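Enquirer: Order-wise, the sequence lines are chains A and B.
Position 147 of the first sequence, counting from 1, maps to 147 under the numbering used here, and the rest follow consecutively.
Position 135 of the second sequence, counting from 1, maps to 135 under the numbering used here, and the rest follow consecutively.
Hint data in this document are derived by calculation from the structure and do not stem from the laboratory.
In this text, all values refer to a predicted model and were calculated from it rather than measured experimentally.
We put the beta carbon where it would ideally sit given N, CA and C, even for glycine.
Some hints could be false.
Derived, one-sided and incomplete: chain B residues facing chain A with beta-carbon distance under 10 Å [stated by the list, open to error]:
1. Thr83
2. Gly145
3. Ala159
4. Ala217
5. Val221
6. Ala271
Under the rule of at most 25 Å between Cα atoms (straight-line distance), these lysine-lysine pairs were calculated in the PhoX-like manner [stated by the list, open to error]:
7. Lys242/B to Lys269/B
8. Lys264/A to Lys243/A
9. Lys243/A to Lys242/B
10. Lys242/B to Lys251/A
11. Lys225/B to Lys269/B
12. Lys251/A to Lys264/A
13. Lys243/A to Lys225/B
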Amino acid sequence: MSDPLVPRHGQPKARLMQGNVAIAEGALAAGLGFFAAYPITPANEIATVLSRALPRRGGVFIQMEDEIASLSAVIGASFGRLKAATATSGPGFSLMQESIGYAAAVEIPCVIIDVQRAGPSTGMPGAPAQGDVMQARWGTHGDHPIIVLSPSYVREAYELTIHAFNLSEEYRTPVILLTDEVLGRMSERVELPLPQVQVQQRHHPEVPPEWYFPFDNEAGDVPPLISFGHGYRYHVTGLYHDKAGFPTGRKDEIDDWQDRLFRKIDNNVERIARIEMEEMDDAEAAIVAYGSTARGARHAMKEARQQGKAVGLVRLVTLWPFHYAAMASIGRSVRRLIVAEMNRGQMLGEVERAVKGEAQVVGVNRTDGEMISPSQLLEALE
Amino acid sequence: MKKKAAIPEHDYLRTHKRFPSVWCPGCGIGTVLGAIIRAVQALNLSKDEVALLSGIGCTGRMPVYVDFNTMHTTHGRALAFATGLKLARPDMEIIVVMGDGDALAIGGNHFIHAARRNVELTAIVVNNRIYGMTGGQVSPTTPTGERGLTAPFGQIEQAFDIARMAEAAGASFVARSTTYHAMELDRLIARGIEKRGFSVIEVLTQCPVSYGELNQAGDAVEMLKWFRDNTTPVGDRAAPGKIPRGVLVDRELPGYVETYQKLIASARKRARA
């Protein structure tokens, strides 16, 4: 029997698909070769789909003993040249922070999917939240760059999963796909396969092994990475390291490496950070939202427009790196920004930092496991 | 022809800039590294096909000195990293070196599950019975009554028996030796690498600076003599109470990666059908 979950090539076909399944499908379309995870609500469907689909394509699924091991195995597999990912929710995401820091430090491509649920601690496993926005940015110890994407629609979950793999290969960095319980477990119409899917492959070195340095600042901001066992023997460590990967205490080497680590993301904010704007040309107020919250926000914006109010929508597709310049110019174009999020104002602070008082910034927040309703937002727009 | 090094191990070391090592005078970890290199040599493995992974601690620093594919991972997680790498590259020989605290305290769960899955890895536990790098705290293998920085009145907990735990968890191959018995260690590591499935080699190793001083165990030579006098080959009935050395478990069990590859083959066949 053929597997209905494995996407077929050819004509796009419409179907009803769950958000978590779309993520699994997107990962397969991106060339996923290895997936390791530990059971957790509300992310389980991703592992369920991949445990069946991966071996059928010659890939590997493994259920690890915990989330720390899951991401560790993912990193190991990525050094073995497989595109690798894991999926979890808040409590497991907390455990993964250690390995996220390692992945950022050794610049190894991998994708971490966090289907957010209400928290802290065990919280409400079956209820949505967006409380991991700052954990995704700063959860691991020490300064490090990161890319975090947040889909609002099932189709977008599919597309952004592919994009997450592409970015992780392009910038040699862990990429976090931050979704939530509502988007993860809701079903929506999607047409797959997408007409044009670009898949980014890893940049391999063109130099012979004796000239190869996996962390060479002179090889560009994203030095090519060759996997283990191809004749390019090198060292990998979470310690501060030199261009060859060996531990170093030399300030010049550390500075150069850290500068490059940040530069590779900071210099490409324009390319990485996606912000989608709707009805912003004449807007006097705008709702800033992301993830499933943006769905209700869009509804509220449309309703406000019907009432004759000049309201627009700013949807953050990329959460990190945060596009401060774009948000600053949005702030100059409106009088009021309503930042809607299922947390106590984690992105609100970033919007304020960007807007610098040019517009009034108001948070609409909720952490009781319920979504922010359009009427709540319309009230805030009064 | 390239000139052969006077000491054959030198061909495998990253001698150009990685020495002197971080290890204290008298440390036994270098002996274990020598044994790993000699085992790899004896098996005629190329440097390219060997990966050496480690966790954190004194033993965690071992891979930096040797010219394999090397990865110094996070504390306790080396076996999880190695599981992912082995599944991606079943053709590579992956050796994982860990200290006792690394493998059995913070990494205890990963150790048990790597053994349970019987992943085709060679796990070498350098057991000096103490946390050396952080100054001498007690570890899960510190014998009851012995001292550590964090057990000034003596360890009141029981010590793990690494070999019995590995056996109970499902490892294919379990062996024990010491840094005194270096040639025996070479052979045991080679057998561990050759064995399909999860292999565990526990190496009793002297830490004269942390363990030795805190427990008045003498210098490195004294500690090595202790290994000589208090261990005995497996099955030696004449010396009850001594720590057995040699191959403790050698059994045929399906390896995880081999089994997974069979699963892939049958899943693909069914998908095509």
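Enquirer: Under the constraints set out in the numbered hints, which ones does this structure not fulfil?
Expert: 2, 3, 4, 5, 7, 9, 10, 11 and 13
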